Amino acid sequence: MGYLASDMTARGTGTATASIRVRLFARYAELVGRTEAAVSVALPATVGDVLRRLRDEVPAARALPERPLAALNLRQVKLDARVEDGDEVALLPPIAGG
Amino acid sequence: MGYLASDMTARGTGTATASIRVRLFARYAELVGRTEAAVSVALPATVGDVLRRLRDEVPAARALPERPLAALNLRQVKLDARVEDGDEVALLPPIAGG
Amino acid sequence: MPYLTRDPLSVERLVAEVSAPERGGTCVFLGTVRNGPEEQGVTAIEYSAYEAMVEAEFGRLLADAGGRWPQARIAVRHRLGTIPSGEASIAIAVAAPHRAEAFEACRFVIEEVKRRIPVWKKELRVDGTETWVDPSGRPSHV
Amino acid sequence: MPYLTRDPLSVERLVAEVSAPERGGTCVFLGTVRNGPEEQGVTAIEYSAYEAMVEAEFGRLLADAGGRWPQARIAVRHRLGTIPSGEASIAIAVAAPHRAEAFEACRFVIEEVKRRIPVWKKELRVDGTETWVDPSGRPSHV
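First to last, the sequence lines map onto chains A, B, C and D.
Per my numbering, residue 1 is the first one in the first sequence, and the count goes up by one each step.
Per my numbering, residue 99 is the first one in the second sequence, and the count goes up by one each step.
Per my numbering, residue 197 is the first one in the third sequence, and the count goes up by one each step.
Per my numbering, residue 339 is the first one in the fourth sequence, and the count goes up by one each step.
For the record, the hints were derived by calculation from the structure and aren't laboratory data.
A quick note: this is a predicted structure, and the numbers were derived from the prediction, not measured.
Hints are supplied without guarantee of correctness; some may be wrong.
Covered stretches of chain C, going by a simulated chain D footprint (3 or more residues, C-beta under 8 Å) [unchecked claim]:
1) 240-247
2) 297-310
Here are a few chain C residues that sit away from chain B, every Cβ distance over 12 Å (derived from the structure) [what the hints assert, rightly or not]:
3) Asp203
4) Gly255
5) Gly263
6) Ser332
We treat Cβ as the ideally placed atom computed from N, Cα and C, and that holds for glycine.
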């Protein structure tokens, strides 16, 4: 949901881009072989767009689940949440605290 | 309940008697002005009989509630529980532990 | 007299009595002498008990809890004597393999204590007055 | 970083943070690294976290709890790093005027921690194997 729309918008305008810091934790960091990545997306864009861009740029990220738990600026969000330049997106393995 | 029946039995046989140690705690000890008393009752007898005998022998015990919480040999019982020679009956103010 | 003491209660010691690597959840309850807006200047509570019956009844209570939560380990200590407000009068520690059992057994124990453990308290107030607490009236605490 | 630590947890210190004479009931929960029959020789668990989010999320979680139980005071500490089995990874202390609130708020906090605080654990076994714990599968603990 929202992916296609934002893609089309991005293709339509294609000017403003956002630099997003992507963070990976625990098993996801092991799977991808890194704990963070910098990704640029054309705005408007969603967390889902960031995730797809990550998979494009970091092939090991294709091992991540299709729809991982995600956080945007320290808050859990759905994948259709909008990102802005300078945001931090985190991909969270199943939470196992306590 | 049971009071009258046990009284009649006691009057009917009137031979075996039981020495009962009665213990009083907290507000009841203050009301009666003592923490224990020795009471003799004709058998068979109940905790209720012991209580009535206490009121006869220790006038201050008439200030106790009509049907206080009671324990027999360290267990809560109803007033119709049967006593035996050597038993300990305790009269317990409303429990306020914790 | 394993369940009664006149000394301040130690949570750490009680927790140590029940914890073990196979028990992943521990729940502790502390009841402390209260002096809040509902009280009127309670400086301390004097706790007394039918001590022999407290010991016997705690044994039965913990056996009942053990029947319901067989994998739980439970330790409890009730303090007697004059306890200043803010200090604990009872401490209960329950460790169990999973947290639900630990919470439930701990709650069960404190509820049963208030129902069946023969302990009484007299509030001592800053103005010198003293009152026996009757839980059927205004509860003084917890 | 008030909610995270790499040091062993102190229950006494946490209880001291929340207790006060007007709060007569205190409930503590300790989650400890488990090595029981369900585990297979777990010697320790390595805890990691999205630390900045843990701090932010604990702040939100305690604000939620404060909205539900306004008279409760809550302290929580989560330990990170390698924690040997039998030692506590989380400690929660809740003091409230009455015990029902203390129990309910404490239970609420641990349930919410497991739902929303971004912490992960890797079990380290005696045979040298390591496994990320996925709570959607076999729970390793509590």
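Notebook entry, point to check: Do three or more residues of the segment 297-310 of chain C come closer than 8 Å to chain D, measuring C-beta to C-beta?
Noted result: Contact hint for the segment 297-310 of chain C vs chain D: holds, 5 residues under 8 Å.
**Message:** When I compare C-beta atoms, does the segment 240-247 of chain C have three or more residues closer than 8 Å to chain D?
**Reply:** Coverage by chain D is violated for the segment 240-247 of chain C (0 residues, Cβ < 8 Å).
> So is Gly255 (chain C) really clear of chain B, every C-beta pair being over 12 Å apart?
Replying inline: violated (10 Å)
Is it correct that the beta-carbon of Gly263 (chain C) has no partner in chain B closer than or equal to 12 Å? holds (18 Å)
* Taking C-beta pairs only, is Asp203 (chain C) more than 12 Å away from all of chain B? -> holds (17 Å)
Q) Taking the closest pair, is the beta carbon of Ser332 (chain C) still more than 12 Å from chain B? A) violated (6 Å)
Violation of the numbered hints given earlier is confined to hints 1, 4, 6; the remaining hints are satisfied by the structure.
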